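Colleague: Here is how the chains run, residue by residue.
Protein chains: 2
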Amino acid sequence: MALTAARIPPGTLELLPLEQIAFQRLLDTIRRNFERFGFLPIETPVMEFSDVLLTKQGGETERQVYFVQSTGAIEKAGAGLPELALRFDLTVPLARYVAEHEHDLNFPFRRYQIQRVYRGERAQRGRFREFYQCDIDVIGKDALSIRYDAEIPAVIYSVFRDLAIGPFTIWLNNRKLMRGFLEGHGIADVKQQAAILREIDKLDKRSQAAVTNTLADEEFNIPNHVLADIIGLITLGSRREEGSALACLDTIEQSYMQKLPGDPSLMREGIEELREVLILMRTFGVPETHYSIKMSIARGLDYYTGTVYETTLNEHPQIGSICSGGRYENLASNYTKSRLPGVGISIGATRLFWQLREAGLLDAASSTVQALVTQMEEAQLPVYLALANELRAAGIATEVVLEAGKLGKQFKYADRAGIRFVIVLGEDELAKGIVTVKDMHRQDQFAVPRAELAKVLRVELEQTRAMPA
Amino acid sequence: MALTAARIPPGTLELLPLEQIAFQRLLDTIRRNFERFGFLPIETPVMEFSDVLLTKQGGETERQVYFVQSTGAIEKAGAGLPELALRFDLTVPLARYVAEHEHDLNFPFRRYQIQRVYRGERAQRGRFREFYQCDIDVIGKDALSIRYDAEIPAVIYSVFRDLAIGPFTIWLNNRKLMRGFLEGHGIADVKQQAAILREIDKLDKRSQAAVTNTLADEEFNIPNHVLADIIGLITLGSRREEGSALACLDTIEQSYMQKLPGDPSLMREGIEELREVLILMRTFGVPETHYSIKMSIARGLDYYTGTVYETTLNEHPQIGSICSGGRYENLASNYTKSRLPGVGISIGATRLFWQLREAGLLDAASSTVQALVTQMEEAQLPVYLALANELRAAGIATEVVLEAGKLGKQFKYADRAGIRFVIVLGEDELAKGIVTVKDMHRQDQFAVPRAELAKVLRVELEQTRAMPA
Numbered sequence: 000m001a002l003t004a005a006r007i008p009p010g011t012l013e014l015l016p017l018e019q020i021a022f023q024r025l026l027d028t029i030r031r032n033f034e035r036f037g038f039l040p041i042e043t044p045v046m047e048f049s050d051v052l053l054t055k056q057g058g059e060t061e062r063q064v065y066f067v068q069s070t071g072a073i074e075k076a077g078a079g080l081p082e083l084a085l086r087f088d089l090t091v092p093l094a095r096y097v098a099e100h101e102h103d104l105n106f107p108f109r110r111y112q113i114q115r116v117y118r119g120e121r122a123q124r125g126r127f128r129e130f131y132q133c134d135i136d137v138i139g140k141d142a143l144s145i146r147y148d149a150e151i152p153a154v155i156y157s158v159f160r161d162l163a164i165g166p167f168t169i170w171l172n173n174r175k176l177m178r179g180f181l182e183g184h185g186i187a188d189v190k191q192q193a194a195i196l197r198e199i200d201k202l203d204k205r206s207q208a209a210v211t212n213t214l215a216d217e218e219f220n221i222p223n224h225v226l227a228d229i230i231g232l233i234t235l236g237s238r239r240e241e242g243s244a245l246a247c248l249d250t251i252e253q254s255y256m257q258k259l260p261g262d263p264s265l266m267r268e269g270i271e272e273l274r275e276v277l278i279l280m281r282t283f284g285v286p287e288t289h290y291s292i293k294m295s296i297a298r299g300l301d302y303y304t305g306t307v308y309e310t311t312l313n314e315h316p317q318i319g320s321i322c323s324g325g326r327y328e329n330l331a332s333n334y335t336k337s338r339l340p341g342v343g344i345s346i347g348a349t350r351l352f353w354q355l356r357e358a359g360l361l362d363a364a365s366s367t368v369q370a371l372v373t374q375m376e377e378a379q380l381p382v383y384l385a386l387a388n389e390l391r392a393a394g395i396a397t398e399v400v401l402e403a404g405k406l407g408k409q410f411k412y413a414d415r416a417g418i419r420f421v422i423v424l425g426e427d428e429l430a431k432g433i434v435t436v437k438d439m440h441r442q443d444q445f446a447v448p449r450a451e452l453a454k455v456l457r458v459e460l461e462q463t464r465a466m467p468a
Numbered sequence: 000m001a002l003t004a005a006r007i008p009p010g011t012l013e014l015l016p017l018e019q020i021a022f023q024r025l026l027d028t029i030r031r032n033f034e035r036f037g038f039l040p041i042e043t044p045v046m047e048f049s050d051v052l053l054t055k056q057g058g059e060t061e062r063q064v065y066f067v068q069s070t071g072a073i074e075k076a077g078a079g080l081p082e083l084a085l086r087f088d089l090t091v092p093l094a095r096y097v098a099e100h101e102h103d104l105n106f107p108f109r110r111y112q113i114q115r116v117y118r119g120e121r122a123q124r125g126r127f128r129e130f131y132q133c134d135i136d137v138i139g140k141d142a143l144s145i146r147y148d149a150e151i152p153a154v155i156y157s158v159f160r161d162l163a164i165g166p167f168t169i170w171l172n173n174r175k176l177m178r179g180f181l182e183g184h185g186i187a188d189v190k191q192q193a194a195i196l197r198e199i200d201k202l203d204k205r206s207q208a209a210v211t212n213t214l215a216d217e218e219f220n221i222p223n224h225v226l227a228d229i230i231g232l233i234t235l236g237s238r239r240e241e242g243s244a245l246a247c248l249d250t251i252e253q254s255y256m257q258k259l260p261g262d263p264s265l266m267r268e269g270i271e272e273l274r275e276v277l278i279l280m281r282t283f284g285v286p287e288t289h290y291s292i293k294m295s296i297a298r299g300l301d302y303y304t305g306t307v308y309e310t311t312l313n314e315h316p317q318i319g320s321i322c323s324g325g326r327y328e329n330l331a332s333n334y335t336k337s338r339l340p341g342v343g344i345s346i347g348a349t350r351l352f353w354q355l356r357e358a359g360l361l362d363a364a365s366s367t368v369q370a371l372v373t374q375m376e377e378a379q380l381p382v383y384l385a386l387a388n389e390l391r392a393a394g395i396a397t398e399v400v401l402e403a404g405k406l407g408k409q410f411k412y413a414d415r416a417g418i419r420f421v422i423v424l425g426e427d428e429l430a431k432g433i434v435t436v437k438d439m440h441r442q443d444q445f446a447v448p449r450a451e452l453a454k455v456l457r458v459e460l461e462q463t464r465a466m467p468a
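In order, the protein sequence lines correspond to chains A and B.
In terms of numbering that gives the first Met the number 0, the first sequence opens at residue 0 and continues consecutively.
In terms of numbering that gives the first Met the number 0, the second sequence opens at residue 0 and continues consecutively.
So that you can see chain A by itself, here it is in the shape it has in the complex (with noise of 0.2 Å):
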């Protein structure tokens, strides 16, 4: 028989088991923050109606959707798009979510959602066709408290100080103060301004020289004193220090916002929530070595209103943002009437895992499997089998070697594994009552008595845990 090429599509990462425990680790300790700081799960389904995923037509994101179909669907297509599609992101999916359960749900509706999202990206090195998106969002019926918008960093700081992948920092700003600024200046256009904003938002990617050409282009039409006021603006930030950032925002409303020609209010009322984010944030106990605020923060998508959000690596620079996200007006306004405001951060895990590998910055992993039973005796084996029982019973993830084999290659085999504790248990253990455990990650060995492994093994790995990353 003619054989199929065993292969994976373009853009999707696969995993040997290792690396694959190591990723689940990833997402176990955001799971773990996620739902200390009190966030419920949910999960959507894969696919969604095309028309509920595509409420905004003939955009960026329904040329990247991929559409699904039975056999029997496409033999019967007719025009018009096919009936399913796989979802992009989490947000349309919850918005749906509250929209359709809003009745069931208690708010503020504190959602936490670890899924895979899917999206037909040119094929290139990097980036992913498939990959995990780790969201939380706080929804408010009506109204949600800006107090809200200063919880999210304290998750954030939680999940990346477990994470243990190196200092970072948390950058936030506001699009009110930032719109409130053009306004100020005469750019009342909300189109334009969201223009703006999306040309600033690239000066992490783009030099400062080549987003002021940018701006300075025709079609933006801004005065030259005003780009200028603009480019004094978005090189502003606070360092990471005690006070630094509240006393940033004290000299934009001094050097910026007192002295413009126009209208100030909104520029202050972001400004206002800004400084009263950055004071909660000192209660909800972000140290300020880890926040920073950032004018160039502006995040590219519209549907941000208030505070935004970004999260670097301090020493990779390079990889970009790790976790963004902001306040919206209005979560659901395509699928209710009700308003609905929140204020939510997202985490590319499947990027952030495949970055950190780049980097070199993940450790190799040990295996979910902590012990191994090998077989000196076959005859022996249900000795082993007990033993095995005994450890699993405390709590020790053990596999038994049911084929028999050299010892050599039975060890062999749990190194390769990545297995710690490799449980040798001969004739001559046998006759003493003890077994021999050779711990392969301190390359050390050991006697215990048959009776106390379990409890010897159990407080070796709790001390291992309990080591700092």
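Honestly, the hints are just simulated from the structure, not real lab data.
Quick list of in silico lysine-lysine cross-link-like pairs, DSS-like style, CA-CA up to 25 Å:
#1 K140(A) x K411(B)
#2 K140(B) x K405(A)
#3 K258(B) x K190(B)
#4 K190(B) x K336(B)
#5 K190(B) x K204(B)
#6 K140(B) x K408(A)
#7 K411(A) x K140(B)
Predicted model only: the values in this text are computed from it and were never measured.
Model the placement of chain B on the given structure of chain A, informed by the hints.
Modeller: Quick look at chain B alone, frame taken from chain A:
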């Protein structure tokens, strides 16, 4: 603006947060047990190349497959199938995975995989087009000891004991035994054997008379006395008590195998395999109250070649098998020339959850949120946030009420949300250095010194966890 109706595609299961928590606990329990037995996690992309997924063309499977394409691909589409399709099970992706990564894997390769699969089933109550499968498989290179066939029921036992959804039975049989029996009766054609076994497998859903009638049909061409012998065999099974399974196997050997008119060697091989599995299962510690042999268990799939398993809930036989699988000769013959025998099972978690809910077997889940810090005095928010941080540091999932509101409303929120501990810290408590805790589960209220709150709640939570389910 016209609203789009918020709705999900038929055949998908979407849960409210408390239900999602219950479902997540089900998946977590399954995963914990898979890991406890030393299985390693993998995940595969939800999309595979169509030619990889559909190596057997034109079958029932293909009609149920969902194809995936981006808008561009639809426009370009010529004849032939779309390039990508959604997986319909986890076995084909496993075969592709093992073939693709063969040289990077350790054999025996013990993997678990908990992911969603997609089938364009006819829409029907309780039938899902998107559902979770939780699979384990052990894959050998060239050979795999029959001992692994006895380990699988040990995992099944461990999973369903921990799930605590009532008494259950693991049913075993062996396809060699069944095929050998037919061969010994002169039915040598493998396709005819498979067709007969498919009919036998329906005995759980159809009456004995109906199955007998079908098998008596001309198309099967079974002589009457042989048919009587088949019916005799397939109605045999052991009781769930010590020694019964092995005794029943002895009966089958004496009353059926030894009386075969033709060659009994394949049936003998099957009996020997099943006997070895049954003996080893004792060693693995599976209580004989929880398994049994049953000759009508044949599994519809020709894919299985030896041991086969099903699992049912004793008090809910109408639910059918909740965990099935078996031994196969060669996992990945479509993708590699390596011989990769294996044994595995699958739990259809979405259907299981849905059925448990329908049968009223699911307890109301408590929330993942364990404590709610109420907002008695708005001015004390910093104190509430500090208290929440202490609780979170102690591993207690805690939510703080950030919007000012009546205490009664806050209690109602906790009640509806299934949060167990409601923490009250008013002027009175502040003056005394205590907090008032309302235990919503026990309808109980108590006061503790503030510094001891985290410790006290931890003890309460651990006691609850330790209670028998």
